[in-house]
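Number of protein chains: 2
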Amino acid sequence: MTAIQRNIEHASSQYSSTFTKGSLALPPAKKYLVLTCMDARIDPAAAFGIELGDAHVIRNAGASASDALRSIIISQQLLGTHEIVLVKHTGCGMLTFQNEDAYKLVAENLGSEAEEELRAKKLDFLPFSDLEKAVRDDVAFLRGNKLIPHEVPLSGWVYEVETGKTRRVV
Amino acid sequence: MTAIQRNIEHASSQYSSTFTKGSLALPPAKKYLVLTCMDARIDPAAAFGIELGDAHVIRNAGASASDALRSIIISQQLLGTHEIVLVKHTGCGMLTFQNEDAYKLVAENLGSEAEEELRAKKLDFLPFSDLEKAVRDDVAFLRGNKLIPHEVPLSGWVYEVETGKTRRVV
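Protein chains in written order, with our numbering: chain E, 1 to 170; chain D, 1 to 170.
In case anyone wonders, no lab produced these hints; they're calculated from the structure. Keep in mind that the hints are not guaranteed to be accurate.
When chains are identical, the list treats them as one kind, so a pair holds in a single copy or across two.
What the hints assert, rightly or not - For lysine-lysine, the following DSS-like pairs were computed, each having C-alpha atoms within a straight-line distance of at most 25 Å: (1) 122 to 31; (2) 31 to 104; (3) 31 to 21; (4) 122 to 30; (5) 121 to 104; (6) 21 to 146; (7) 31 to 146; (8) 165 to 146; (9) 165 to 122; (10) 30 to 146; (11) 133 to 146; (12) 104 to 146; (13) 133 to 30; (14) 121 to 30; (15) 104 to 122; (16) 21 to 165; (17) 121 to 21.
Please put together the full structure from these sequences, using the hints given.
Pasting the structure below:
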């Protein structure tokens with residue numbers, strides 16, 4: 001067992017020993033979903049005020065709306081959420097590279113077979129170079145998407161990893 | 001402004017007023033990533049013992065490894081994580097429907113144009129019918145993937161929404 005796996009077992013026994021929320025319903029009580037980045041410096045529950053059971057939380061590299069589309073449709077069409085909150089953040093790793101850099105790293109670290117697989121899949125890592133523009137672009141992508149009901153409230157925010165503040169962009 | 005948006009502004013001013021973690025590094029300090037479901041009843045930081053700054057947290061509908069592949073590669077190749085922890089959970093929405101049910105709901109709720117778009121994209125919602133098998137299958141998918149280094153420690157778990165416990169499957 002690794003130290004990380006031992007840590008999960010320890011956390012589980014601590015968390016479950018005082019757990020009282022075992023009867024929450026499957027659909028999010030407040031009918032919204034938050035899409036944010038996988039970044040280690042973000043604690044969505046604390047920073048965005050999400051109580052257990054209230055909202056779906058989708059996280060991927062860069063809080064990409066297109067990458068999250070499958071999850072968003074399931075959240076809305078099968079589990080009854082409505083409003084969408086999108087939060088990207090300062091200091092995001094997606095601001096630091098381009099697709100070709102990622103392809104080169106894969107080739108160096110994993111070999112040419114892995115690189116060929118990436119090229120065959122045409123995998124787009126979805127990096128971006130302007131944080132606030134990326135927030136606006138993703139909100140526009142959702143607003144214009146036939147698979148998202150057009151009356152859904154949509155907002156786009158930036159979380160500041162330096163200050164712990166979340167500020168609205170759109 | 002919606003009630004949800006007001007709640008974020010309120011949470012932001014509370015959280016930032018006592019925030020002291022503004023100097024954490026971009027790469028996760030403990031070099032691991034957790035992949036879990038977007039389900040509203042999961043608080044990964046508390047339930048799995050993740051300190052701010054320690055781990056990437058990827059969340060999507062069902063904790064799907066294939067859907068998370070872009071984020072996992074970025075986490076490992078660009079941001080230096082190594083170990084992968086995958087956690088699905090009891091009572092998951094992905095156990096409750098099949099692709100055709102989702103296609104029908106989209107057609108009913110969003111119209112035939114939206115349904116055609118889904119069919120054109122061949123979008124797979126990735127539902128599953130056996131929870132522990134789905135954990136084992138996703139761990140096997142990662143173990144066999146050329147884009148994941150073969151020496152990476154991988155573990156698969158089930159979080160119990162009824163008890164708050166996380167137990168290892170593989």
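*asked:* If you test the structure against every hint from before, which numbers come out violated?
replied: As far as the earlier hints go, 1, 4, 6, 8, 9, 13, 14 and 17 are violated by this structure, in ascending order.
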